[in-house]
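Okay, here's what each chain looks like letter by letter:
Protein chains: 2
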Amino acid sequence: MATEKKIPYKIYLEESEMPQNWYNMRADMKNKPAPMLNPGTHEPMTAEELSGVFCADLVAQELDNDTAFVPIPEEIRSFYKMYRPSPLVRAYCLEEKLQTPAKIYYKFEGNNTSGSHKLNSAIAQAYYAKKQGLKGVTTETGAGQWGTALSMACAYLGLDCKVYMVKVSYEQKPFRREVMRTYGASVTPSPSMETEIGRKILEAHPGTGGSLGCAISEAVEKAVTSEGYRYVLGSVLNQVLLHQSVIGLEAKAAADKYGIKFDTIIGCAGGGSNLGGLIAPFMGQKLRGEADYEIIAVEPASCPSFTRGKFAYDFCDTGMVCPLAKMYTLGSDFIPAPNHAGGLRYHGMSPVLSQLYDDGLMSAVSVKQTDVFQAAEAFARCEGILPAPESSHAIRVAIDEALKCKETGEEKTILFGLTGTGYFDMVAYEKFHDGLMEDYIPTDEELAIGLSKLPQV
Amino acid sequence: MATEKKIPYKIYLEESEMPQNWYNMRADMKNKPAPMLNPGTHEPMTAEELSGVFCADLVAQELDNDTAFVPIPEEIRSFYKMYRPSPLVRAYCLEEKLQTPAKIYYKFEGNNTSGSHKLNSAIAQAYYAKKQGLKGVTTETGAGQWGTALSMACAYLGLDCKVYMVKVSYEQKPFRREVMRTYGASVTPSPSMETEIGRKILEAHPGTGGSLGCAISEAVEKAVTSEGYRYVLGSVLNQVLLHQSVIGLEAKAAADKYGIKFDTIIGCAGGGSNLGGLIAPFMGQKLRGEADYEIIAVEPASCPSFTRGKFAYDFCDTGMVCPLAKMYTLGSDFIPAPNHAGGLRYHGMSPVLSQLYDDGLMSAVSVKQTDVFQAAEAFARCEGILPAPESSHAIRVAIDEALKCKETGEEKTILFGLTGTGYFDMVAYEKFHDGLMEDYIPTDEELAIGLSKLPQV
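These protein sequences, in sequence, are chains A and B.
Position 38 of the first sequence, counted from 1, bears residue number 38 in this note's numbering, the numbering being contiguous throughout.
Position 137 of the second sequence, counted from 1, bears residue number 137 in this note's numbering, the numbering being contiguous throughout.
With the rest of the complex left out, here is chain A (with noise of 0.2 Å):
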């Protein structure tokens, strides 16, 4: 069949056809990322102060800005191997539908039962954990979709699994608690009496419903305090956007093996895992001169880190505990509005893809919650697949893009990440459907409280 060359709806590899290396897009940046600093001192972090907080080889990946392959370890292929290939989908209906003369791709990341890409990147952290000797890991989870990913991976290895979920998540969310104590993780909604900072916060906002900010903190002194546990954390970190090279990855050799050649890349972006992840190969391409491809990142408008964001060293989490990093943020307290996209509300942008996006190899659009539900419906309807919110932001943007086609007459192919499922979202559906949803767009002066907020560094 391959030697037909015969597009098939859905392009599988083959087991042998899978990636061996990760793609460390780092090594081909001519303007690396800007190293994390100490919050304290502002000296750029050692390996052996993250090595505290985070797992050695870890630490040794975030701080690799030259090796560009990065080998898999066999028993990290072996788990993808339980759930990977993703497929890389032709969205022909969707283009009948839209009757549009661009061809749509799509690389779903949703089969499996975290229901997004997370896994890739949980565990491989968990791996390095187990490896390094360590009982456990903590985490912070807000949404839930990072605490499922990192309690399958954990339950695989027979690691302990700590997870601080928002204590608003785990009272309305109570499934995906659920879900992650089936994986055997203990999940204590944060904040919680079993950490000092816990403990501070319940004690200046008794009743208060948490935040990821939090959340994150506790989740960092309970690593640094607990005998055999390190922090992992499931975006952001260059470590992650390393391990999520995968999807791209694959996306490319399936697109190579059919030859396929995409002109436009669309993924939403929260805090950057599956973007960066995504677009991997294809920026390193581009890095060196070999292709060329308009990449363009998707974010919620009510929480518009690359459009209306600043690239400044700032906090990476609330409780300011955390390095600084260089990256595009609305500020360390900014607050987003409350909208549906979970995975997408986070104040900063990996320093990745901030570098990458400061220096003109992408762009950026905001989009609106409604905009957003309205595409997730009219492609679940012809394309089956109940989309995530999170990534419905690049179905948006992908069936404007595909629009735009339809007016010019130009025969794009559009390849976007369909990171994961909406099974967990049936309430933000539900307003959708009665028309109570609402769209929230921050207003300058909004912004500024927190941009006027940022550390001088």
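The hints are all genuine.
Quick list of in silico lysine to aspartate or glutamate cross-link-like pairs, EDC-like style, CA-CA up to 20 Å:
#  : chain 1 : residue 1 : chain 2 : residue 2
1  : A       : K97       : B       : D160
2  : B       : K97       : A       : D160
3  : B       : K97       : A       : E75
4  : B       : K97       : B       : D371
5  : A       : K6        : B       : E15
6  : B       : K10       : A       : E15
7  : A       : K81       : B       : E95
8  : B       : K257      : A       : E14
9  : B       : K81       : A       : E96
10 : A       : K257      : B       : E15
11 : A       : K130      : B       : E96
12 : A       : K431      : B       : E171
13 : A       : K6        : B       : E14
14 : A       : K81       : B       : E96
15 : A       : K6        : B       : E74
16 : B       : K6        : A       : E14
17 : B       : K10       : A       : E74
18 : A       : K257      : B       : E14
19 : B       : K6        : A       : E15
20 : B       : K257      : A       : E15
21 : A       : K81       : B       : E14
22 : B       : K412      : B       : D263
23 : B       : K81       : A       : E95
24 : B       : K6        : A       : E75
25 : B       : K6        : A       : E17
26 : A       : K97       : A       : E410
27 : A       : K6        : B       : E17
28 : B       : K431      : A       : E171
29 : B       : K6        : B       : E95
Everything labelled a hint here was simulated from the structure, so no lab data went into it.
Start from chain A and add chain B according to the hints.
Below, chain B without anything else, positioned relative to chain A:
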């Protein structure tokens, strides 16, 4: 690659290897399933009688005991390509955990938004309705998997879809309801004021939570009293087993491609749609004397139609408006105690499977709910996938069979059907985690009540 015959973790057929025909076990059965009878006259239902309720092409399939291979229309094959082939997966990790010499495979049908195999028949039934020029279809749904699948199929074909959802599920499973609404279906809590039978029931039992039997009666009434509508059903019927044969045909093609020979085939059984589909081509070989397989139906101890029911004519619905079918049954007014596998709570069993079971061509076991969830959790932790409670009945027995092999040293090759995912069943998982799940096993006296009311034919 194919020439090397290295067996991958997950076997995906090429599109060109996907089945072109469904397989109809009845053609090879010496003892055909008994015909459905008119509930008034006790005469076999004619095509004409049936075509007031069902689409014409589906009536023909329902009554056709002779044609072995039925071509799958091109349009349905196109739709299948959107979410099929489903993978045949080797459960390496589960085998290792059990330390069994058995080889365990599962055919995973959960990688589509309806979350189960139900879509295989939903698209077929919607296709024939569309082909007949109908406006839409009506159906009932309990837990919601069938309703979701039908909504997806109707959205794709532009058909109207009216779902009567058991009121208690409508209220307790708002997420399922919203998925159906996302696909444009109208979802009505049953009993409703929309139908005569609904109004009658509401008058007699104000505030009732409804039942599947009542929802069936409302859906049938709506279909026969609405211009351009027919009724569709997701299990039990001969036509449904025909459509679901795609599961077994793919499994067999994938196994044949890599030289895998199954000894034991295991599936959960409610109305029989999954089991009948999974075993179809293997049972065909057995019926033709070409090969032998041990085939095991697994049912919940709380609703044991095969293991404790009678093989007799009975009503398919509680309202006694549907035809009589000869099947293993617990009596049409048997109400199973609450168990969390909504898809396995039907009082009867597919007439085809009932005949095969009665002829000694397959065996059946019943399992307790807590044992099922223990197996589900063990499976999730090592294989990644969060299984539906229904599917977990098959997991339980696959594990038990593999553990027997560990004792005897036999190297059996086991195939089981993993029909779907458990994302919408976390309330049940939560009860299990919290030690609040109970096992219900009806007493002989309780069963005798339903069995004493079988119609005299």
